[in-house]
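Novice: These are the residues of each chain, in order.
There are 2 protein chains.
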Amino acid sequence: MSTRSTTLQPTAAVVVIGNEILSGRTRDANLPYLATKLGEAGIRMVEARVVPDIQVRIVEAVNALRSSNTYVFTTGGIGPTHDDITARAIAAAFGVPFGRNAEAERRLRGYYDPEMINDARLSMADMPAGAELIDNPVSIAPGFRLENVHVLPGVPKILQAMVDLLIPALAGGAPISSSALTVFAAEGELASLLAEVQLKHPQVDIGSYPFFRQGRFGTTIVARAPDAALVQSAREALEARVLATGYEWMAFDAESAFPSHS
Amino acid sequence: MSTRSTTLQPTAAVVVIGNEILSGRTRDANLPYLATKLGEAGIRMVEARVVPDIQVRIVEAVNALRSSNTYVFTTGGIGPTHDDITARAIAAAFGVPFGRNAEAERRLRGYYDPEMINDARLSMADMPAGAELIDNPVSIAPGFRLENVHVLPGVPKILQAMVDLLIPALAGGAPISSSALTVFAAEGELASLLAEVQLKHPQVDIGSYPFFRQGRFGTTIVARAPDAALVQSAREALEARVLATGYEWMAFDAESAFPSHS
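Those sequence lines, one after another, are chains A and B. Throughout the first sequence, residue numbering follows this note's numbering, covering 771 to 1032 in sequence. Throughout the second sequence, residue numbering follows this note's numbering, covering 771 to 1032 in sequence.
Among the hints, a few may not be true.
[What the hints assert, rightly or not] Now the stretches of chain A that chain B is said to cover, found in silico as 3 or more residues with beta-carbon under 8 Å:
#1 816 to 827
#2 938 to 945
#3 957 to 963
#4 975 to 987
Worth flagging that the hints you see were computed from the coordinates, not collected in a lab. Beta carbons are placed, not taken as given, at the ideal position from N, Cα and C, and that holds for glycine.
Isolated chain A (complex conformation) (with noise of 0.2 Å):
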């Protein structure tokens, strides 16, 4: 659809681990997240992965996306319990030794009184051979980088934090511009429309998502890509095209030449 350069853009995946997300008991909150912290930092998010907390699961998930994207991110998993398994996963997937991180333990033993101290937390400064330190804001235990895969926990609040250090700190591309535009108007009336501006600007990626919210529907159009004019000017457009239609039609951000509200 669109043809993007991928200079301009480093890539990302993300590997959710996790039995609790297949069984539908706990909905996933990082994805968006990390979505959104990437896509400031001009990383597109290419694929993500949700996997149990199976180590050769992770191994063909991980090895699957390292060598395709510029980065990997995994989250969860690297907790004190018997099922948090992924750094050893992390490990046998680069097959390096995997073992006890002394810089990790360092800040294990920082963070805990003496008696609070046991071989469970202690794990937690297991690691592959060669992890540097993510540093852990919140509650200490770091997650690592082995390459280009970064390993994260999956309670959300720390990851937050610990995403909002680290991924500024990447080497990050172009940020995604992008303009949405609302038409109380069904999917299917505007297709034709669509397609003619898209094809037109095959740079842009226009998207259309359609909704039924207090008793209204309509369809939000996104128009993205990471460069702004060219947003702009795909913007203008779908505007142009819309107002011919006379459908009602609002939009929330500045890019408008026209009033905010049909």
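Assemble the complex: chain A is given as a structure, and chain B must be docked to it using the hints.
Specialist: Here is chain B on its own, set in the frame of chain A:
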């Protein structure tokens, strides 16, 4: 960890198709719903992937998953607009012709007033050859099944209605039993008793999930298996060990032989 028999439990994988999930704009609501409905039918979700609206990525994911799982479900990309490419991608994945499905067209023409019929809406009747329709009681445009791949829309309210009809009609397995116990202690304090109970109950998945809410922290322990008696046995072992710790605990379900609050 657990050695659950695969004959008890058909497996499912889900492919969530949508740029808007990867961009962070939309938070997927379909995976949790599918996970729950599949679990009720005794079908175990073993993987989910989120891919963009790009044909080669959809083909890659569907083909990777359909030979190693009993069922595959895709969500998204079967609407009337130019970015709805899933049906064509499924035809490509199976190497079959793609074209107008007569019954699907009949349903759409029966639903839309003549002046509402246009090429975009009729394109929702374009499907792989050999597709069996999946009924859509909300907005008529059907999903479809090709071999073990079930193609569904992305709009949550429509998917839910379709899934409520579809999944109970699939050949399922022994429904998962689960039992949850909440202990007001950190995971690190419970890890060793959990590991011991897990070792003694290899066919039950025992997971631990830390939480911090309303100023209290703790760990929820969940025991799951497609065998209620095994889950009950693991539950009793967990309760006995937790009682012995003296930590405050509570439970919400009927399996506990003990009072529901410490």
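Novice: Now look at each hint and say whether the structure bears it out.
Specialist: Going through the hints against the structure:
With 10 residues carrying a beta carbon less than 8 Å from a beta carbon of chain B, the region 816 to 827 of chain A meets the three-residue requirement, and the given coverage holds. With a cut-off of 8 Å between beta carbons, the region 938 to 945 of chain A has 0 residues touching chain B; three or more are needed, and the interface restraint is violated. By the rule of at least three residues with a Cβ nearer than 8 Å to a Cβ of chain B, the coverage given for the region 957 to 963 of chain A holds, with 6 such residues. With 7 residues bearing a CB less than 8 Å from a CB of chain B, the region 975 to 987 of chain A meets the requirement of three and the coverage assertion stands.
The structure fails hint 2 only (numbered hints given earlier).
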